[in-house]
Amino acid sequence: MSEATRDPISAGDPLLQLRASPHLKAPDSTPKIMWNVVGSLIPVIAAATWYFGPSALLVIGAATLGAVLTERAFGTPGSLADGSAAITGILLGLCLPAGVPLWIAFIGGAFGIGFGKLVFGGLGQNVFNPALLGRAFLQAAFPAVMTTWPGSPGEIPSWSQLRGDNLAIPFASPSTDAVTGATPLGLMKFESTPTDVTRLMIGDISGSVGETAGVVILLCGIYLAARNYLNWRIPVSIFAAVALFSGILHLLDPARFASPLFALFSGGLMLGALYMATDMVTSPVTNAGAWIFGIGIGILVVVIRTWGGLPEGVMYAILLMNALVPFINRATQPRPYGSRGRRAGREAPA
Amino acid sequence: MRARLSFRHGVHPPEHKELTAGVAVRRMPYPDEIILPLRQHTGKPARLLVKVGDRVERGDKIAEADGFVSVPIHASSAGSVRDIGLWPHPDGSMAEAVRITVDRFSPQIPRPRIIPHWEGLTPDQIVKAVQRAGVVGLGGASFPTHVKLLPPDDVTVDTLVVNGAECEPYLTTDHRVMVEYPERVHHGIRIMLHTLGVSRAIIGVERNKPDAIEALDRTLPADLDVTVQGLTVKYPQGYEKMLIRALTRREVPPGKLPMHVGVIVQNVASLACIAEVFETGLPLLERVVTVTGPGLRKPSNLIVPVGSKIRDILGFCGGLADGATEIVFGGPMMGASQPDLDAPVIKSTTGIVVLTRAESRPRRTYPCIRCGHCLDACPVFLNPSLLGVLAQAGRYEEMEEADLATCMLCGCCSYVCPSNIPLSQMFALAKAGLQRRKQQAA
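Sequence order for the protein chains is A and B.
Following the numbering used here from start to finish, the first sequence increments by one per residue and tops out at 369.
Following the numbering used here from start to finish, the second sequence increments by one per residue and tops out at 792.
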């Protein structure tokens with residue numbers, strides 16, 4: 020084409036677009052956030068596979084398959100591409116014991132998506148974290164399987180050995196030839212035996228598939244926070260509340276109550292605080308609300324762990340606080356520009 | 351030492367000002383035809399004075415102010431009135447306009463001194479002269495300037511805030527005015543301070559324009575209390591409310607004007623225009639416009655006669671580049687897409703931005719995931735996430751209770767929303783819907 024000035028078009032030229040302002044758009048999108056979360060979980064999955072062998076991959080895969088197939092079957096067409104179903108499945112798989120039969124992991128994923136998300140209306144509409152709802156369902160339906168922990172990695176003869184009866188036929192009673200162990204929280208609660216914190220941090224312990232490598236989870240969470248894909252106020256307030264509360268208890272009776280570091284790196288706290296509680300849909304929309312939400316979870320975790328019948332309380336703590344999110348949102352609405360004192364004036368008696 | 355001055359929240363869109371920031375202002379030759387809509391300002395449209403076939407000289411009044419909140423319209427070129435009727439208006443509607451065929455052989459010599467010198471005039475006479483010159487806010491809001499010069503008796507103004515922030519991406523209109531005509535800006539400030547009886551003026555300029563800050567500092571008048579303040583580069587720093595917050599720490603209550611907190615805000619280009627009007631004795635006939643964007647061959651800063659058509663201006667700037675998809679009047683954050691290339695530049699047109707598919711490609715909308723990014727972006731601390739849900743349900747009255755009126759449609763929420771929900775568009779529709787419902791109820 021010549022450099023000659025081309026007539027800048029006649030009226031109604033098809034190339035002219037009409038759009039509402041703003042005409043520029045930030046590069047982030049909902050699928051980009053979701054797939055970033057999935058990507059950030061890869062090191063966690065790798066650590067899980069390191070400690071729990073092929074069982075880890077099988078359990079995570081089964082849970083993800085259950086979640087994804089349910090989304091595909093009953094969700095909005097095309098909604099798989101937004102990545103949220105994959106997150107639910109992977110997170111559920113990460114918080115199951117490695118020896119859980121695959122069909123149970125699959126049902127958990129399907130329940131989480133079906134009853135935790137789709138019945139509410141799909142993405143953005145659910146009240147409870149779908150992965151945790153799936154886990155809560157499994158805990159209620161299969162309590163024995165859900166509390167059978169494989170031995171810590173050091174007690175397993177070979178890496179490639181399955182950590183339980185993963186391949187059990189549905190509804191048949193699983194064989195019990197696997198090496199079983201106790202989680203650090205169980206040891207602490209029922210036998211008052213603390214576990215070395217260094218082992219907790221690197222994950223060389225018994226527990227759920229992806230909950231043991233505390234430091235790996237923490238680093239992955241920091242990546243997401245740095246990209247503003249999770250609200251850092253939630254994990255920070257959870258950690259602060261847990262550390263403070265358990266620290267006070269530890270000072271009162273060091274033999275009975277674990278140290279704050281133990282509290283932070285044991286059980287599902289790291290995964291829960293960084294990946295479950297920060298689920299955008301089921302956490303408060305305001306920053307003030309995020310602090311309240313996190314502190315509430317932290318306190319509930321310590322309360323359940325200390326005085327409840329269960330050794331671990333992260334799941335119920337988050338689900339309970341999920342239920343309060345609408346109220347937290349309402350109580351922490353931002354104060355609009357220029358309205359200083361107006362609200363107070365309205366509420367003051369005439 | 352200058353403090354870091356800004357407001358909370360806001361967004362950082364790519365600036366793209368490099369396309370024209372260093373390009374000196376050029377004068378565009380007169381086009382063949384000038385289109386002058388009678389509505390170029392906030393308030394009542396001007397009242398027509400001419401008829402088809404009339405001969406007009408440059409600077410002749412062709413429509414007069416209809417009331418106090420209104421300004422006259424002047425012929426920006428010598429020529430003859432070809433037609434009077436509906437014509438595409440940059441706001442997207444069809445509006446009554448005067449179509450003038452430019453006299454190609456006219457030397458464009460205006461009638462001598464339509465506006466008197468301001469020295470020796472009383473404030474009231476200056477206000478009248480500014481109205482007679484047809485001056486409106488050139489920053490985009492197009493509010494008649496003389497109205498701001500006459501605050502009611504029950505308010506006390508102590509500060510003139512001069513808006514040189516120019517926070518919209520791409521635009522460099524105010525930037526070039528400050529760099530090339532700093533004395534004129536200061537002269538405008540002098541007239542403004544004299545008329546208002548105010549002693550203090552603060553000029554706020556975003557720090558991405560160091561040459562503008564330097565030029566204004568260099569020409570600072572010794573006898574006036576004028577300071578130049580660098581501002582953090584952030585959108586919407588140039589919004590009246592944000593600028594007042596940054597420079598004076600005051601907040602304008604909802605439904606109130608800046609003058610209620612003792613502040614009058616004027617854009618730098620408007621001030622230069624006031625000075626020019628009194629220096630040349632001519633009314634507002636032309637303005638600086640940034641014509642830019644990735645979809646344009648020769649991005650430029652131009653002085654164009656008011657009423658020049660988009661077609662003629664784009665043609666002068668080398669025409670459209672391949673891939674141009676959208677033509678926006680004003681900045682890309684707040685501006686309006688133009689459906690018709692025959693629409694004219696009016697007094698309030700700050701820029702013409704030609705975007706390409708890279709900026710304007712359609713994006714899929716997802717459900718709100720309550721990420722809260724819109725709350726972190728909203729410069730007036732609303733909850734766009736909640737307002738969006740209410741807007742989708744048509745619950746406009748509840749939106750009103752959630753302070754919809756405070757929303758100034760800056761577009762920050764839409765800009766950051768990862769789900770591409772057109773929040774600010776929904777809020778604009780809700781505002782219009784509320785007004786309609788109220789009119790029906792009345």
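Quick caveat, the hints were computed from the structure, so don't treat them as lab data.
From the three backbone atoms N, C-alpha and C, an ideal C-beta is built for every residue, glycine too.
Take the hints with a grain of salt, since some may be wrong.
Said to hold, decoys possible - 30 Å max Cα-Cα, derived DSS-like pairs, lysine-lysine:
| # | chain 1 | residue 1 | chain 2 | residue 2 |
| --- | --- | --- | --- | --- |
| 1 | B | Lys401 | B | Lys411 |
| 2 | B | Lys411 | B | Lys394 |
| 3 | A | Lys44 | B | Lys411 |
| 4 | B | Lys394 | A | Lys44 |
| 5 | B | Lys478 | B | Lys411 |
| 6 | B | Lys606 | B | Lys394 |
To be verified - Ranges of calculated distance between the beta carbons of each label pair, as one might list FRET restraints:
| # | chain 1 | residue 1 | chain 2 | residue 2 | range |
| --- | --- | --- | --- | --- | --- |
| 7 | A | Asn306 | B | Ala491 | 51 to 61 Å |
| 8 | B | Thr392 | A | Pro345 | 47 to 57 Å |
| 9 | B | Arg713 | A | Asn306 | 18 to 28 Å |
Each hint tested on the structure:
no.	hint	verdict
1	Lys401(B) with Lys411(B)	holds, 12 Å
2	Lys411(B) with Lys394(B)	holds, 17 Å
3	Lys44(A) with Lys411(B)	violated, 43 Å
4	Lys394(B) with Lys44(A)	violated, 35 Å
5	Lys478(B) with Lys411(B)	holds, 15 Å
6	Lys606(B) with Lys394(B)	holds, 21 Å
7	Asn306(A) with Ala491(B): 51 to 61 Å	violated, 32 Å
8	Thr392(B) with Pro345(A): 47 to 57 Å	violated, 41 Å
9	Arg713(B) with Asn306(A): 18 to 28 Å	holds, 27 Å
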